[in-house]
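A.B. asks: Here is what each chain is made of, one letter per residue.
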Amino acid sequence: MLASLLLRPARRILLTVLLGGLLGATLVRMGPGFGVDERELDSRLSVSSQQAIRAERARDNNIAVFYLRYLAGFARGDFGFSRSLNRPVSQLLAERLPLTLVSLGVGVAGGVSIGLALALLTVWWRAPGADVVPALLSGLCFAAPAAVIALVFLWLGPWIGAAARWAIALVVFPHVYRYAKNQLVATSQAPHVVAAQAKGLSSWRVLWAHIFIPAAPQLAALAGISVSLAFGASIPIEVICDSPGVGQLAWRAALDRDLPLLVTITVLVALLTLVVNSLADLALAAWNLPARSAA
Amino acid sequence: MTGRQKLAVMVLGAAVAASLGAGLLVQHSYAEQSREIISAPPSAQFWLGTDELGRDRFARLLYGTRVSLLLAPAAALLSTLLAALLGGAAGYLGGRWERAVTAGIDLFLSLPWLFLLLAVRALLPLNTSPVTSVVITFLLLGFLGWAAPARIIRAGTRTLVNSDYLVQAAAGGISRRRLFWRHLLPNLRPILLAQFWISVPLFILSEANLGLLGLGVSEPLPSWGALLRELENYSAVIANPWMLAPAILLVLVVCCLQLLLGTEESAFPC
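Chains A and B, in that order, give the protein sequences. The working numbering numbers the first residue of the first sequence as 1035 and each following residue consecutively. The working numbering numbers the first residue of the second sequence as 218 and each following residue consecutively.
Some hints here could point you the wrong way.
[To be verified] Where chain B lies over chain A, by a calculated footprint (3+ residues, C-beta under 8 Å):
hint, segment
1, 1076–1088
2, 1108–1122
3, 1126–1139
4, 1224–1237
5, 1240–1249
6, 1268–1276
[To be verified] Negatives, chain B to chain A, calculated, CB over 12 Å:
hint, residue
7, D323
8, R399
9, E424
10, A464
Worth flagging that the hints you see were computed from the coordinates, not collected in a lab. For each residue, glycine too, the CB sits at the ideal point set by N, CA and C.
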């Protein structure tokens, strides 16, 4: 059972990377500047050197060969060469990915914590209108583009610092709050919770042991979705906050129409998101495994 | 409809009416430059002042609202139609077609939305005329936003196809065409409408993000995204707080759309 649990996400990741790679290679082939080599304009090169360069490029004209070379390079960690920055893509990623991952890690952790805390508070504090302030706050953050949230934190930057991380947290928070609140409210209406309350258990114990813990597997799914959201938000946030991460790199690549770089970033981000989603699914399956075995 | 939803309808109605009647409400065109009155504060002539090129900010806000509020639903319609075609066919036909469409949906959903949007936008010409840039931006949103609605439409169609009344209708010898047009499609309408309305705020926000990054609608045509670019000038915003009007209107409109949708139940539209 565990093997099938592991095989399914592995197959999904492999298929997505393969399809994403093919899609990426297609975009690169269709992109502006494909098949053009500025070395041909170098007057110092002899005719034979120029012919050698053309022959080298001619291999890419065959679509099948081009796809195979692209995917083989991808598998080896050779992500191509950025024309706009004149550097290998792998070098650029190695420099910028850690910063984005740290921002994302802190931002997602912050957003999930704020969202969960407010959802728990709303469910625990059952007074009418208890959710007005969190709902208003989540509504505002939900309705504001990530770039505007980043601008707000850029203005607040001198006072609070780490603008990009705060902005990512506030982009993630409303999604987590709404989903978690719905899940927790649904669980709080289950018969076992009503029975626990009727037996006089303290409200904190009911909230923790009978509402939060049973809803935890569903809440684990938030991890994958939050990472996906945070990656998307990282582009405008890093651009606005001038944070030199992968999001900013993607934006520059888009403005410079550097498709090899942009496509590689997109496929890698998709891969990372899939890995996190699969880990969340596995955690969920592992949680449910004892129950299934007992059944 | 609750009281809050009625209020949301009124706000949205006012925003749409003001944007459509922009020609009557403002004396200046969105592109007209008054070089002698640049960066002016609000006045009777210019309700929200002028920008650094001497253009009427209020006129630009109204015309920008028109662009965003008319084209986001158009893009949502395109993506919903595409989703209905692919998701509906997958759910209705089943088998290999369903597996292929589901794989496509999974692939699209695993690619981060804004990265994908940026990659495809970069593929297309960046230095286009303003009208072309509007068309490109919203067509892109429409074409790339099909996956999430398609997944829901596929599931809805599958449930309907397996429902008792459709199985009975099929067993009764009704033609597939009649089954589709008379029994399936009318029952799918609520799902299609919901997906359409869920896509509208998503596309408004995506356009705003793209515009702020300089990859949306080109100048001098205004859109909410393009208008938000002014906010990058922090000191100017502090000195001229009325520059926040596009951001406030955008948040207000998306909040109203959320209220109408009742998104408390659908925290993850995409």
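A.B. asks: Beyond 12 Å on every Cβ pair: is that true for E424 of chain B relative to chain A?
C.D. replies: violated, 9 Å
A.B. asks: Please verify the coverage claim for the segment 1268–1276 of chain A: does it have three or more residues whose C-beta sits within 8 Å of some C-beta in chain B?
C.D. replies: holds (count 4)
A.B. asks: Say whether it holds or is violated: R399 of chain B keeps its Cβ farther than 12 Å from all Cβ of chain A.
C.D. replies: At roughly 36 Å from the nearest Cβ of chain A, R399 of chain B sits farther out than 12 Å, so the non-interface label holds.
A.B. asks: Examine the segment 1224–1237 of chain A for residues whose CB is less than 8 Å from any CB of chain B, and state whether their number is three or more.
C.D. replies: violated (count 0)
A.B. asks: With a Cβ-Cβ cutoff of 8 Å, does the segment 1076–1088 of chain A contain at least three residues near chain B?
C.D. replies: Since three or more residues must qualify, the claim that chain B covers the segment 1076–1088 of chain A is violated, with 0 doing so at under 8 Å.
A.B. asks: Apply the coverage criterion to the segment 1108–1122 of chain A and chain B: a residue qualifies when its Cβ sits closer than 8 Å to a Cβ of the chain, and three qualifying residues are needed.
C.D. replies: violated (count 0)
A.B. asks: Closer than 8 Å, Cβ to Cβ, for at least three residues: run that test on the segment 1240–1249 of chain A against chain B and report holds or violated.
C.D. replies: violated (count 0)
A.B. asks: So A464 of chain B supposedly isn't at the interface. Is its beta-carbon more than 12 Å from every beta-carbon in chain A?
C.D. replies: About 5 Å separates A464 of chain B from the closest Cβ of chain A, which leaves it inside 12 Å; violated.
A.B. asks: Report holds if the minimum CB distance from D323 of chain B to chain A is greater than 12 Å, and violated otherwise.
C.D. replies: The claim is violated: D323 of chain B sits with its nearest Cβ about 7 Å from chain A, within 12 Å.
A.B. asks: How about the segment 1126–1139 of chain A: do at least three of its residues have a C-beta closer than 8 Å to a C-beta of chain B?
C.D. replies: Result for this restraint: violated, n = 0.
Checked against the numbered hints above, the structure violates hints 1, 2, 3, 4, 5, 7, 9, 10; every other hint is satisfied.
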